[in-house]
Amino acid sequence: MSVVIDAQQVSKRFYLRHNRSAELKVRFLAMFHEHHREAVEEFWALRDVSLTIRSGEAVGVVGRNGSGKSTLLKIVAGLHMPTTGRMLVAAHARIGPMIELGVGFHPELSGEENVHLSASVYGLSRAQIAALYPRVVAYSGLEHVMDTPLKSYSSGMQLRLGFAIAANLDPEILLLDEIFAVGDAEFQRQCHDTLARFREEGRTFLFVSHTASAIRSLCDRVCVLDRGRLLFDGAVEEGLTFYERLTA
Amino acid sequence: MNDPAPSPALVDRAAQSHTLVSSLVLLFAYRELVKNLVLKELKLKYRGSVLGFLWSLVNPLAMVGIYTLAFKYILATGQPGFPYFVLLGVLAWSFFANSAVMATGAIIEGSSLVKAVRFPRAVLPVAIVLFNLVQYLLTVVVLLPLMFLLYRVPPSGPMVLFPAFLALQVLFTVGLALMLAAATTFFRDVRHFVDIGLLILFWTTPIVYQLNQAPEWLRPALLWSPMSPFVVAYQSIFYVGDWPDLSVWTAGVVYGFGVFAVGTMWFLSLENRLGEQI
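In order, the protein sequence lines correspond to chains E and L. No gaps in the numbering here: position 146 of the first sequence is 146 in the numbering used here, and each next residue is one more. No gaps in the numbering here: position 263 of the second sequence is 263 in the numbering used here, and each next residue is one more.
If we strip away everything but chain L, and leave its shape as in the complex, we get (with noise of 0.2 Å):
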C-alpha cells in the first residue's frame, strides 16, 4: 500500500447525535417512501374490494348513527343537529384512535425493513398518522359538505381555522404516534394499554356530549384530556359557528407541540435500539 491518502471524512454513526431539526431534515429527505407507504396501505385496503372507499364512510355513519338513537331518543338530550354534532368529534376521534391503535404495530410489522436497511426509522409511524390522515380528509370532504347542506350551515368566518387545528392535531397524533411505536417494540403489552386508554380518552373527550353540559368544575379537566381542545375546536368553528376560546387555544398547541416534541426526541434516543429488539 501507498501512503494512507487523506481518507474521505469518516463518521462514527454509533456517536452522531440527532436534534429535533435535523432529524426533520433527514426525515424529508425520506418523503418518497413515506408517500409510498401511504399509497401502499391506500391500496391494499381498497384494492380488490367492491365498495372500496364507500368502507370508509359506513364506519363513522354507523357510529353517528348509534349515538343519536342513545342521546338524542334514549336519553332525549334535545340538542339541535346532534348527529351533525356527534360526527364532527367522531371523524376526528376515529382518525386519532386508528392511528394510535395502528402505531404500536409501526416497528414490529416493518421488521424486515428495519431489519435489513438503514432508514430513519420515524418514517413507519409518520406514514401510518399520514395514511389515517388521507382517509379522514376523504371523508371529511365527502360527509360535511352534506351535513351543510342537510342543516343549513352557513359558512362562516371561523371555519378558516379548521387547518390550523387540523396541523396541531396531526402534530400532537405523531408525537404519539413515535411514542408508542418505540414503547412497543420494548414491551408488547403497550397494545392493551392503548385499547384501555382509548376507551377512557373517549368518553373524557366531549364527543357525544357538549363541554358545557358538564359540571362547571369538571370542565377545565376535560377540557385538557389530550383530545379535547382539537374535537371542541372543531365543534365551536363547524356546529356554534364561533372562534374558539382561547383556552382550547392553548390547550391545543401545548398538546400539538409538547408532544411532537417529546415523542420525536424520545423516538430518536431509542432509535438505534429498536433494530435489536425485533
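Isolated chain E, as found in the complex (with noise of 0.2 Å):
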C-alpha cells in the first residue's frame, strides 16, 4: 500500500512564556524591571519523530498526558508547523480531523444552519453541503430539532450532531482525539460502530487515545510516545504492554 503519512525527523518546539503577556506596557516594563521581564523556556513537544504510514493502517498513539500526542496529530492536520523535520502527508487525501467536534457551532443558530457553517470550515462547496445535509440528519437522527437554536439541545445532541458531521465527511485519512471520553454509552457505540465499518472499509487511522480496549478493537499497530520521543512502533498487544511497563 502507498505511504500517506510520512514523519521525517518531525520536532516540535514550544515555547512556555512565564509571565507572558502580549500587551507593549509590559514589555516596555521588562526593560527596567527585572521581574517583570519574560521568562522563555524552551519546551520539545516532540523531538526526532520518524514515522511512516501507509494506507489503511490503523496506527494507535499511547502516551502520557504532555507526551506529545495531540501535537503529532495536530502537525498531521497542518494546524502547527514542524520546527525541524518534515511531515509529508498525502496531497489529495481528504483528512477528517475529528480532534474536536463541532467545529464553528454557534448557540443562537438553528442545526440546520449550524451544519451548513460547520461543513463549509472543512472546505466543503454548496453543493457537497446540500449532498451531505441529509445524511448528517438521519446519523443524528435529531430531525424533529432541526430548526431549533442549538443552544436548547442538550450537550449529548450537540455531540452527536457534531460526530454526525465528522464522519459523514466521508474522511479517508481519520485523525482521532480521544473523542470516546465524552458522551453516553450510546453515543459512544454509535462512534465505535461507525469507526469499525470505516476500519473495514480499509480507511487510514491515527487514533490517540488512553483506553486500551479502544486501540485493540480499531488499530493494527501502536506507537508509544514519552515526553516527546517515539520509544516504540509496533505491534499493539507488544505496544499496550510496552506502555503500561512505562506508566507502572
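No lab work stands behind these hints, which were simulated from the structure alone.
DSBU-like, lysine-lysine: derived pairs with alpha carbons at most 35 Å apart:
| hint | chain 1 | residue 1 | chain 2 | residue 2 |
| --- | --- | --- | --- | --- |
| 1 | L | Lys45 | L | Lys72 |
| 2 | L | Lys115 | L | Lys45 |
| 3 | L | Lys43 | E | Lys151 |
| 4 | E | Lys151 | L | Lys35 |
| 5 | E | Lys151 | L | Lys40 |
| 6 | E | Lys151 | L | Lys115 |
Chain E residues, not near chain L, derived (Cβ > 12 Å throughout):
| hint | residue |
| --- | --- |
| 7 | Ala30 |
| 8 | Tyr139 |
| 9 | Gly183 |
| 10 | Asp193 |
| 11 | Arg197 |
| 12 | Thr211 |
| 13 | Ser217 |
| 14 | Arg229 |
| 15 | Leu231 |
| 16 | Val236 |
| 17 | Arg245 |
| 18 | Leu246 |
| 19 | Ala248 |
Using N, Cα and C, we set each Cβ at its ideal position, and we do this for glycine too.
With the hints in hand, could you dock these two chains into one complex?
Laid out in C-alpha cells, this is it:
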C-alpha cells in the first residue's frame, strides 16, 4: 500500500512563556524591571519522530499526558508546522480531523444553520453540503429539532450532531483525539460502530487514546510516545505492554 | 509489507509557498465558508431584535444629525445640502471603520475554528469586511434615493463610477483588515492603536468639510489620507455631480491595489504561525 503520512525526524518546539504578555506596557516595563521580564522556557513537544503510515493502516498512539500525542496529530492535520524535520501527507486525501467535534457551532443558530456553517469550515462547496445534510440529519436522529437553536440542545445532542458531521465528511485519513471519552453509552456505541465500519472499508486511522480496549478493537499497530520521543512502534499487544511498563 | 507502491504525491505543507494568485484561488474555493460567516453575522445581529435592520439606519442618521447641528447651525458654514453631503462621507466611513475595528478580533474570536481545522485564515477578516459591505449597501440603497428626492439630485453621468470606487475601497479595506487581524494576534495593543488611528483618520478625511475648504498647502496631504480618495470620489460623483480628478483616481488606485497586495502578502507570511499565537 502507498504511504500517506511520512514524518521525517519531526521535532516541535513550543515556548512556555512565564510572565507572558502580548501587551506593550509589560514589554516596556520589562526593559527596566527584572521581575516583569518574560522568562522563556523551551519545551520540545516532539523530538525526532519518524513515522511512516501506509494507506489502510490503523495506528494507535499512546502516551502519558504531555507526551506529544496531540501535537503529532495537529502537525499531521496541518494546524502546526514542525520546527525541524518534515511532515509529508498525501496531497489529495480527505483528512478528517476529529480533534474537536462541532467546529464552528454557534448556540444562537439552528441545527440546520450550524451544519451548513460547520461543513463549510472543512472547505465543502454548496452542492457538497446540500448532499451531506440529509445524511447528517439521518445519522444524528435529530430531525425534529433541526430548526431550533443549538442552545436548546442537550450537550449530548450537540455532540451527536458534531460527530454526525465529522463521520459523514467521508474522510480517507481519520485523525481521532480521544473522542470516546465524552458522551453517553449510546453515543459511544454509535461512534464505535461507525469507526469499525470505516476500519473495514480500509480507511487510514491515526488514533490517540488512553483506552486499551479501544486501541485493541480498532488498531493494528501502536506507537508509544514519551516526552516527545517515539519509544515504540510495532504490534498492538507488545505496544500496550510496553506502555504499561512505562507508566508502572 | 510488499514493495512500496509509488506514493500518491506527498506534500510538505510547511514548505508550500503561496503567491498572491494561488491564495486568491484558494480563498475562492472557500467562498461557501465566507458566505456562511457573513450570513451568521447578519442573523446574529438582526435575529431577536424588534427594529432589526432599522437600527443600521439610525446610527448614520444620528451622526448626520449631530454634524449638521454643529457645522450648519453652530459654525454656520452655509454649504447647501449639508446633511446630504455629510451622509455620503459618514456611510463610507462607517463601512471602513467598523471593518477595521471588527478585523482586529477576527483571528482571536475565531480561535475555536483556527485551532481545530486547517483552512485559509484570510477567510475570517475577509468575511468581516464583506459583512460590513452588505450593511453599507443596504443603508445606501435605502438612504441614497431618499436624499436624491429630498435634495432634487438629478441622475448624472459620473454616478456610474460608484462601483469602481467602491471596489477600490473594498480592496483597501480587505488589505488593512488582513494586516490588523494578523497584527492583533501578536500584539493585543493593536486594538487601542486602531481606536486612536481612526479618530485621526476621521478628521483628516474630508467628511464633515470639503477638501477645497482646507488651506491650499494642506490639500495634497489631506487627499493622501488613506480614506480620502474614496470619500472625495463619492462626494464628487453624487454631491458635486462631477468626474473625480486624476489626483483622486491616483490616490484611490494606489491605496486600493497597494494596501490589498501588501496586506495579503504580509498575512500569508504569518498565516502558519497564527494558530500557535492564540
